[in-house]
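A.B. asks: Sequence:
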Amino acid sequence: MSKAKTVYLLSHEQPPMLGGAGVVALTMFDGLLAMGVRVKKNIAAIDLEARLARFAGLFFVLRAMFADVIILNDLYYKKLWLRLFRGHFCRRCIVYLHGSEPEFLIHDTRYRKAFLTMCMNAKRVVAVSDYMKEKLLDSITDQTYKAQIEKNITVIRNGIDTSCFQLQPKQNIYQGLTIITASRIVKEKGYIEVAQQIAQLRDMLAIPISWNIVGDGPFTNELKAYVKSLDMSHNVHFLGSLNHTELAKALNQADVFVLLSNLRESLGLVFMEASSCGCWSIGYNRFGAKEAIIPGETGSFVDSPEALPQAIVDFYSNPMKTRSQISTCAQAHFSSVNAVTQLHKTILGIEE
1 MSKAKTVYLL SHEQPPMLGG AGVVALTMFD GLLAMGVRVK KNIAAIDLEA
51 RLARFAGLFF VLRAMFADVI ILNDLYYKKL WLRLFRGHFC RRCIVYLHGS
101 EPEFLIHDTR YRKAFLTMCM NAKRVVAVSD YMKEKLLDSI TDQTYKAQIE
151 KNITVIRNGI DTSCFQLQPK QNIYQGLTII TASRIVKEKG YIEVAQQIAQ
201 LRDMLAIPIS WNIVGDGPFT NELKAYVKSL DMSHNVHFLG SLNHTELAKA
251 LNQADVFVLL SNLRESLGLV FMEASSCGCW SIGYNRFGAK EAIIPGETGS
301 FVDSPEALPQ AIVDFYSNPM KTRSQISTCA QAHFSSVNAV TQLHKTILGI
351 EE
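Under UniProt numbering, the residues of the sequence shown are numbered 1 to 352, in order.
Honestly, I wouldn't trust all of these hints.
Straight-line alpha carbon distances no greater than 30 Å define the calculated DSSO-like cross-link-like pairs of lysine-lysine that follow [what the hints assert, rightly or not]:
1. K133 / K123
2. K146 / K79
3. K249 / K187
4. K224 / K249
5. K5 / K187
6. K40 / K5
7. K133 / K290
8. K151 / K187
9. K224 / K151
10. K321 / K146
11. K79 / K113
12. K123 / K40
13. K170 / K321
14. K123 / K146
15. K224 / K170
16. K170 / K123
Hints are computed from structural coordinates only; laboratory data are not their basis.
Could you build all of it, start to finish, from the sequences and the hints given here?
C.D. replies: What follows is the structure in structure tokens.
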């Protein structure tokens, strides 16, 4: 009987640090552990002084070298591995692509050749969405590298914790429409555009409208001032940063989730979380959001901010699905169990 494979997960980004890569790290670790996989991970060193953090990173890389399979999850450990090994010693590595690898590893001449070598030699390269796979390949100009790396990429869409993000009874019966947005509050996430359109929405629906904003960030004060200039302060509620349990509760009190990000997001996990809690999700019909919303089932797409008010009115006036139906569909399609099962097969070398 063959010995069970050992797995070591390297991820600088881990909860409570915010970010998709950290959420995926936790999901992978807990999911593989539940499957009986012998998996270990590094201790998050984000609170350490920079020099100590570098030593800690080196220590965990050396520990990982004793495992049968090494998962390089985030940019921090990919960069560290590249500086140490120049793209070599990675035949046991599963390299995850979350979104910024082209900008920080391929467009940076210090890392480009080593990273391309890593992607060719790795056990497997995992893109978190079809869009992420296309984004990486489109950034490679050398056709030889591109052809070989394309053969080594598989897509495993990130999933969500459906035991946390699930339908709950509404605690507050609000006689109106509650819209919610959750993300880091930066201008590029489209907050100004959404604020403008919700102001328009007030004239289209003769009901109270509430917009709850979850998160914080450098654009918060400017956004509050802009909301005030639109005479919307009584409509908009800033809830601050919430943990997953608190976010799930907030999503369950809302009717529609809206995020019109202008960033090239690799995959919108928050759309999945909202839908799993019964919210109708609305986002742009582009980039990774296209893979996080099932049109007509868990939400709808818009092509411009100006289309948002009518999309909300259409859903409010004639809901295509009940909260229960939205949640059931999202739970079936977006569960992290699906992603972890695929990852487990990749670890074992089983191709679908």
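A.B. asks: Identify every previously stated hint that the structure contradicts and give their numbers, smallest first.
C.D. replies: 5, 8, 9, 10, 16
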